[in-house]
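Enquirer: These are the residues of each chain, in order.
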Amino acid sequence: MAQTVLIVDDHPSFRSTARILLESEGFDVIGEAEDGASAIEAIQRLAPEVVLLDVQLPDMDGFAVARTIMADGVKSAIVLTSSRDGCDFGSLIAESGARGFVPKGELSGAAISELLR
Amino acid sequence: MTPRVRLALWIAGATAGFVAAIVVAASSRTDQPVLSSVLIVAVGWAFIVGGLIALERRPDNRFGLLMAGEGFAWFLAALGASDNSAIFTAGYLGSSLYLAVLGHTILAYPTGRLPDRASRIIVAIAYLITTAGTLAVVLTAHPRDLHCTDCPSNELVLAHSGTVASALNTALNATGFLLCLAAVSVLVRRWRGSTPAARKLLAPVFLTGALAIAALAVQTGLQIVIDVPIAQVGTNLVFVLIPLGFMFGLLRSGLARSSAVGGLIQDIGRSSGSPEAIRAALGASLADPELQVAYWIPGKRQFVDADGVPVFDPPEGSRRTTTAVEYDGQPVARLEHDIALADDPELLQAACAAAGLALANARLTTELRTRLKELGASERRWRELLERVQLIAVSLDLQGKIEYANPFLAQLTGWERDELIGRDWLETFNGEEREYLERMRRADVLPYEENFIYTKSGERRVIAWSNTVQRDLDGTVVGATSIGADITDRRTAEKALRALLVEHTALERVARLVAEGRSRHIVFERVTEEAGRLLSAASCNLVRFREDGTGLVFGGWGEPGANPILAGSVVQLDDDSTAARVRRQAGPVRVDSYAELEGDLARRVRETGIQSAIGAPIVVSGEMWGALVAFSLEESSFPDGAEHRLAAFAGLVGLAIANADAREQLAASRARIVAAGDAERRRLERNLHDGAQQRLVSLSLALRLARSQLTKDTESAGRTLEAASEELNLALAELRDLARGIHPAVLSDRGLQPALEGLTLRMAERGLVVDMEDALDQRLPEQVEVAAYYVVAESLANVSKYAGADRVSVRVMRENGRAIVEVRDDGRGGADPGRGSGLRGLFDRVEALDGRLSIDSPPGAGTTIRAEIPCG
Numbered sequence: 001m002a003q004t005v006l007i008v009d010d011h012p013s014f015r016s017t018a019r020i021l022l023e024s025e026g027f028d029v030i031g032e033a034e035d036g037a038s039a040i041e042a043i044q045r046l047a048p049e050v051v052l053l054d055v056q057l058p059d060m061d062g063f064a065v066a067r068t069i070m071a072d073g074v075k076s077a078i079v080l081t082s083s084r085d086g087c088d089f090g091s092l093i094a095e096s097g098a099r100g101f102v103p104k105g106e107l108s109g110a111a112i113s114e115l116l117r
Numbered sequence: 118m119t120p121r122v123r124l125a126l127w128i129a130g131a132t133a134g135f136v137a138a139i140v141v142a143a144s145s146r147t148d149q150p151v152l153s154s155v156l157i158v159a160v161g162w163a164f165i166v167g168g169l170i171a172l173e174r175r176p177d178n179r180f181g182l183l184m185a186g187e188g189f190a191w192f193l194a195a196l197g198a199s200d201n202s203a204i205f206t207a208g209y210l211g212s213s214l215y216l217a218v219l220g221h222t223i224l225a226y227p228t229g230r231l232p233d234r235a236s237r238i239i240v241a242i243a244y245l246i247t248t249a250g251t252l253a254v255v256l257t258a259h260p261r262d263l264h265c266t267d268c269p270s271n272e273l274v275l276a277h278s279g280t281v282a283s284a285l286n287t288a289l290n291a292t293g294f295l296l297c298l299a300a301v302s303v304l305v306r307r308w309r310g311s312t313p314a315a316r317k318l319l320a321p322v323f324l325t326g327a328l329a330i331a332a333l334a335v336q337t338g339l340q341i342v343i344d345v346p347i348a349q350v351g352t353n354l355v356f357v358l359i360p361l362g363f364m365f366g367l368l369r370s371g372l373a374r375s376s377a378v379g380g381l382i383q384d385i386g387r388s389s390g391s392p393e394a395i396r397a398a399l400g401a402s403l404a405d406p407e408l409q410v411a412y413w414i415p416g417k418r419q420f421v422d423a424d425g426v427p428v429f430d431p432p433e434g435s436r437r438t439t440t441a442v443e444y445d446g447q448p449v450a451r452l453e454h455d456i457a458l459a460d461d462p463e464l465l466q467a468a469c470a471a472a473g474l475a476l477a478n479a480r481l482t483t484e485l486r487t488r489l490k491e492l493g494a495s496e497r498r499w500r501e502l503l504e505r506v507q508l509i510a511v512s513l514d515l516q517g518k519i520e521y522a523n524p525f526l527a528q529l530t531g532w533e534r535d536e537l538i539g540r541d542w543l544e545t546f547n548g549e550e551r552e553y554l555e556r557m558r559r560a561d562v563l564p565y566e567e568n569f570i571y572t573k574s575g576e577r578r579v580i581a582w583s584n585t586v587q588r589d590l591d592g593t594v595v596g597a598t599s600i601g602a603d604i605t606d607r608r609t610a611e612k613a614l615r616a617l618l619v620e621h622t623a624l625e626r627v628a629r630l631v632a633e634g635r636s637r638h639i640v641f642e643r644v645t646e647e648a649g650r651l652l653s654a655a656s657c658n659l660v661r662f663r664e665d666g667t668g669l670v671f672g673g674w675g676e677p678g679a680n681p682i683l684a685g686s687v688v689q690l691d692d693d694s695t696a697a698r699v700r701r702q703a704g705p706v707r708v709d710s711y712a713e714l715e716g717d718l719a720r721r722v723r724e725t726g727i728q729s730a731i732g733a734p735i736v737v738s739g740e741m742w743g744a745l746v747a748f749s750l751e752e753s754s755f756p757d758g759a760e761h762r763l764a765a766f767a768g769l770v771g772l773a774i775a776n777a778d779a780r781e782q783l784a785a786s787r788a789r790i791v792a793a794g795d796a797e798r799r800r801l802e803r804n805l806h807d808g809a810q811q812r813l814v815s816l817s818l819a820l821r822l823a824r825s826q827l828t829k830d831t832e833s834a835g836r837t838l839e840a841a842s843e844e845l846n847l848a849l850a851e852l853r854d855l856a857r858g859i860h861p862a863v864l865s866d867r868g869l870q871p872a873l874e875g876l877t878l879r880m881a882e883r884g885l886v887v888d889m890e891d892a893l894d895q896r897l898p899e900q901v902e903v904a905a906y907y908v909v910a911e912s913l914a915n916v917s918k919y920a921g922a923d924r925v926s927v928r929v930m931r932e933n934g935r936a937i938v939e940v941r942d943d944g945r946g947g948a949d950p951g952r953g954s955g956l957r958g959l960f961d962r963v964e965a966l967d968g969r970l971s972i973d974s975p976p977g978a979g980t981t982i983r984a985e986i987p988c989g
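As given, the protein sequences belong to chains X and V, one line each in that order.
With the working numbering applied, the first sequence closes on residue 117, and no number is skipped along the way.
With the working numbering applied, the second sequence closes on residue 989, and no number is skipped along the way.
Just so you know, these hints were derived from the structure itself, not from any lab.
Just so you know, these numbers come straight off a predicted model, no measurement behind them.
It cannot be assumed that every hint is accurate.
What the hints assert, rightly or not - Example chain X residues on the side facing chain V (calculated, C-beta under 10 Å, incomplete): (1) H11; (2) S16; (3) L21; (4) S24.
Cβ coordinates follow ideal geometry from the N, Cα and C atoms, glycine included.
Bound-form chain X, shown alone:
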């Protein structure tokens, strides 16, 4: 059974491309969110197995979203992404509780599966 995914990003073009890409690789994209607040609401509501979470959001950053849902006991696996390089964020990624980080330019279903293993 395909894993369910929620895509959180403020750029529509990225969300649509990511959806097509992940679905083509067998993931079930069950929702999209464009900022931190709507992302938290969608995670609680949809309980996706995987959350593809952009670090830079208009209202709060991805790390804050991650801390909030983790604190709420949500079981979803969080995969952080950004058009910046992962090194730019130092230890923030490791300390956020997320499964890992995938640069936007290297996003693929395989890359997410690799992090979920």
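Knowing the structure of chain X, use the given hints to seat chain V on it.
Expert: Just chain V now, kept in the frame of chain X:
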């Protein structure tokens, strides 16, 4: 001439006499051999003896030699009596030489030297005819040709011619006759030109000489007329009178000398011994009534007459000369007398010796007179000096009464000079100087002191005194004399100079603080203290003028215990108080009394005890910033001009504030530039991240998706690639805009005009019509172009965003070496440069190039932004 030579002459003379006597006595042609011999020898020896006696007396006088020579020449002529032809010929040859020597001797009397040209010519011709002339006769004539039939033969006849010889002889006699007349004429003329003293000396020789020459003239004249030798017995007798006359003269002068000296001693003894009496006695005894006596004054190293007037040497060529008189080995006097007296030095010496003591005494009298005269002259000079000098000269007696006061004291103090004499000094001029009188009585006055005197009108003058006590002949102190200089003005000037120095030092201290860029607070504190202390104020404050007509009082400096002047309070500046006047008059002011001043501030100041004040404006960058005010607890206590001195401190305050403002503005400008740079980088990063980067990420994903779709669903792959292509175009457009925002490349490559045209086009795309007027004929410096571009770009962006304008005009030109950029719109106005960072950034950018940016944006009436930037 040495004594040995003179002895030889004595012997030669005696020998010559004997030889002549023998020759004459032995001659066959002599009728009375003994008588003739005696006569010949007597005449010859008379000359030789007279001459040698003269030589003994005056070895350096050639007269004696000449007279002795005449004797020898006489004996030479006597050889002509010989029967021996050789001796005869020798005597024949020298037969008339004695005539020339005789003339020489008489004309050279008494010095032995011929004194004038006429004498020298006569003597020279005489020698010529008696030597060369006689030789010519001797060479041509036998004795018989000249009427001597029994004479021996002439051994020297070379060319016998009785006619020639006779003619020659006649010519020689004629010449001799004329020479005799000329000589007599010279003697007469010389006699007439002589002084009595000289005649006394000349008489014996001149009379006998003139007689001899006259006789000779008669004899020669007769010979010419009758051409026959005349017996010379008479002439010979006359010749012998000459040496006898000379001897008589010597004898007479010796007797006269004794008589003169004796008379002189008697005259001086009978006289008062005064210089004039001695002069008269000397003149009489030396037969020189014009004789003058000059006395030697050792201190002056000069001869003076009896009145002390300096005496100088007689002029050269005059007939006066001088003879020094010594007494006891010391120079005493100098006689100025007839030059003829020099020929009788024995007489002069005897007279000087006889009068020596009297002259020495007279010299002392003269010296005393001279000294007294000088003393009188010196006193007159000093007195005259004291009368004219611009210094006080005053003498007091022991009671302090004024004995002498010069005109300057009277002039300075306003008293009449006559009033001052006899007045009490202390009562008249300074009652506090009683110690001076005590010191004077103790002969202990201070050589230099300064004190005051009061003029008749009560004005106080500062006097620098030089004092000295006066004593009488016994050395007893009888008073004191003082010379005083009025140094009042000098003291005043020195005081002013010292005050100026103190003021400059204070200003320098403040200026140093300003130059060091100390904070306003420190400068205010120091300025108020320095100015307050310098001007002897009770306190000193700063007042900051505010736009609403009030003033904020800064606490400054105050003497301990002085009430603070409303420090920290806001006061109304609408009355006549000092700060308010400074504000109104924009210059230094003084308020000598707060007593009558109305108004709230004046009242509040008065309540603190202040009575007067001075104030000066503080001007910062041409604007009235505030006032520096110094206060006093007394009325009118500030000296004249104090407010202007305060202004110098106020000037430094203005400078300090301007400096601080400039520093603050510079620091703020730097901070804004840094912040603007940071913000710009953040904006770029955000734009890149949010724009082009996101599109490129999506493009990357789309391309990967399309690749995976190619094998399964080519149609989907095509759609994905189509979307990717659009995404790529958008990314490119965004990157282009971004790059233009960083720096328009066209500006660097093509200049300001194409860059501004590009701006105009983009504005037109947004619906804003821009009226562009570019009047530049050449490119501006790159930095100026960039600044001008951003002024236009930012202004147009603001117009586009906020102004709601219908039209915008942009004008760019160069004027007086400055680039002028002006953007004018017809929008709503009201732009505030302090609100947005864009306009503030423009200010910084323009000011960084030393330019000036102004914004005129009244609400509802459009906005004009104008930049003026120097073109370097």
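Enquirer: State for each hint whether it applies.
Expert: Each hint, compared with the structure:
no. : hint : result
1   : H11  : holds, 5 Å
2   : S16  : holds, 8 Å
3   : L21  : holds, 5 Å
4   : S24  : holds, 6 Å
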